[in-house]
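*Asks:* Residue-level listing of the chains:
2 protein chains.
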Amino acid sequence: MALPQALLASLLVDGPCSGYDMVKRFDEKISCYWMASHQQVYKTLRELENAGWVSSETITQTSRPNKNIYSITSLGKENLAHWVLTPSEPTTIREDLMIKTQVGFLVPRPAILDELKRRHQIHLENLAVLKTIEKEEFGKIETLSLAEKFDYLTLRRGIRFESDWVLWCEEAIEMIETHQEDQ
Amino acid sequence: MALPQALLASLLVDGPCSGYDMVKRFDEKISCYWMASHQQVYKTLRELENAGWVSSETITQTSRPNKNIYSITSLGKENLAHWVLTPSEPTTIREDLMIKTQVGFLVPRPAILDELKRRHQIHLENLAVLKTIEKEEFGKIETLSLAEKFDYLTLRRGIRFESDWVLWCEEAIEMIETHQEDQ
DNA sequence: CGTGCCATGTAAAGCGTTACATGATTCA
DNA sequence: TGAATCATGTAACGCTTTACATGGCACG
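Residue numbers (my numbering), protein chains in the order written: chain A, 1 to 183; chain B, 1 to 183.
Check the hints yourself; a few may be wrong.
All copies of an identical chain are treated as equivalent in the list; a pair is satisfied when it fits inside any one copy or across any two copies.
Stated by the list, open to error - In silico BS3-like cross-links for lysine-lysine, where the CA-CA straight-line distance does not exceed 27 Å: (1) 117 <-> 149; (2) 140 <-> 117; (3) 77 <-> 43; (4) 67 <-> 140; (5) 117 <-> 77; (6) 149 <-> 77; (7) 43 <-> 117.
Please keep in mind that the hints were generated in silico from the structure rather than gathered at the bench.
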């Protein structure tokens with residue numbers, strides 16, 4: 001629902017960039033709270049330009065395809081600020097793994113344990129990436145400006161989210177592994 | 001993507017029910033990991049019946065509309081077990097509040113603090129509901145059967161999820177409130 | 001010589017939300 | 001008398017995913 005605003009926010013906080021660069025930003029940092037395919041990103045950037053919320057400059061390249069560099073306009077900034085003031089409800093959740101866990105008794109225990117361990121590993125890796133960013137970009141919290149603190153808080157949400165998954169996986173693995181059939 | 005399986009799982013774990021009842025299950029318990037509107041639920045149940053994964057029985061009522069009670073079939077159960085064995089990737093996240101936090105410096109501090117406090121309250125309330133279910137339905141963990149433990153783990157995921165939101169909101173409010181402009 | 005990166009796009013199908021619709025009963 | 005509950009559905013729109021498409025350059 002708020003992909004346009006996610007793009008505007010990135011252009012504002014991290015500066016102007018091309019659609020291609022934006023996709024990379026999503027893959028790296030933004031993915032901890034938003035996902036988007038390249039098709040969506042390119043399309044939405046064009047729509048934002050039609051609406052006058054971003055402007056673009058084409059950089060002609062010889063040995064590579066041309067780039068369109070997008071920047072947020074003052075109109076886009078106004079719109080974004082206005083949107084920030086509207087309340088937003090928590091995202092609806094859709095987590096396949098929870099369904100699988102709920103009916104885990106249908107399959108052999110090692111099968112579901114393998115899946116839980118795989119997920120544990122994925123979230124450990126995601127967490128490691130985010131913690132590296134935390135260390136490198138937000139070293140001394142006290143010295144951060146207000147804008148940097150806001151940016152830091154989004155990273156903190158990602159770190160908490162991944163940590164929480166890691167802990168749940170550990171709880172689940174422990175509970176399933178130690179279960180005794182004799183009751 | 002996995003709404004059919006979510007419905008099958010509910011019919012299996014919590015027993016046969018009507019579309020109307022299923023919507024209530026979603027509102028109550030399932031919502032901690034899946035959301036669905038009544039339109040989606042009714043439609044998907046009909047599709048499941050066409051596929052032979054559920055069967056239905058119509059209960060004629062006089063002073064109320066008729067009910068269709070759906071039950072999972074053995075074919076449906078087989079299909080569900082097969083699906084459980086396929087790996088699933090973490091859900092893509094889409095959280096409006098994170099975008100708002102990231103560009104929170106665009107609006108007056110009280111405005112963003114109000115929104116953070118509102119969210120804090122929402123997650124506190126969600127958490128309270130889930131903890132009540134935990135106490136009432138899963139009192140002594142050691143005595144649970146394996147199937148009950150699997151069911152309990154999905155609830156634990158919901159509890160962790162809401163707790164984590166509460167803690168992040170507190171961290172965010174603290175950080176924004178105590179920030180001194182003098183740097 | 002194959003794989004991956006750069007850089008952008010179109011088209012179709014599927015999924016989800018929003019709005020609209022019915023109609024009796026129960027409760028404040 | 002107005003609102004909420006029971007019980008199910010249709011229709012339109014918009015968002016998201018998946019598949020398909022191009023074409024040169026760099027690296028091993």
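*Asks:* Measure nothing new, just compare the shortest in-copy and cross-copy C-alpha distances for residue 43 and residue 117 to 27 Å and report within, between, both or neither.
*Replies:* neither (37 Å within a copy, 35 Å between copies)
*Asks:* How would you classify residue 149 and residue 77 at a CA-CA limit of 27 Å: within, between, both, or neither?
*Replies:* within (19 Å within a copy, 50 Å between copies)
*Asks:* Could you place residue 77 and residue 43 in one of the four classes (within, between, both, neither) given a Cα distance threshold of 27 Å?
*Replies:* Classified as within: same-chain Cα gap 20 Å, cross-chain 41 Å, threshold 27 Å.
*Asks:* As a check of your reading, is residue 117 near residue 77 (CA-CA no more than 27 Å) within one copy, between copies, both or neither?
*Replies:* Intra 44 Å, inter 25 Å, cutoff 27 Å: inter-copy only.
*Asks:* Is it within, between, both or neither when you check residue 140 against residue 117 at 27 Å Cα-Cα?
*Replies:* between (34 Å within a copy, 26 Å between copies)
*Asks:* Up to 27 Å between alpha-carbons, please classify residue 117 paired with residue 149: within, between, both or neither.
*Replies:* The answer is between: 17 Å across copies meets 27 Å, while 34 Å in one copy does not.
*Asks:* Regarding residue 67 and residue 140, is the shortest C-alpha distance of 27 Å or less found within a copy, between copies, in both, or in neither?
*Replies:* neither (36 Å within a copy, 61 Å between copies)
Consistency with the previously given hints fails for numbers 4, 7, ordered from lowest to highest.
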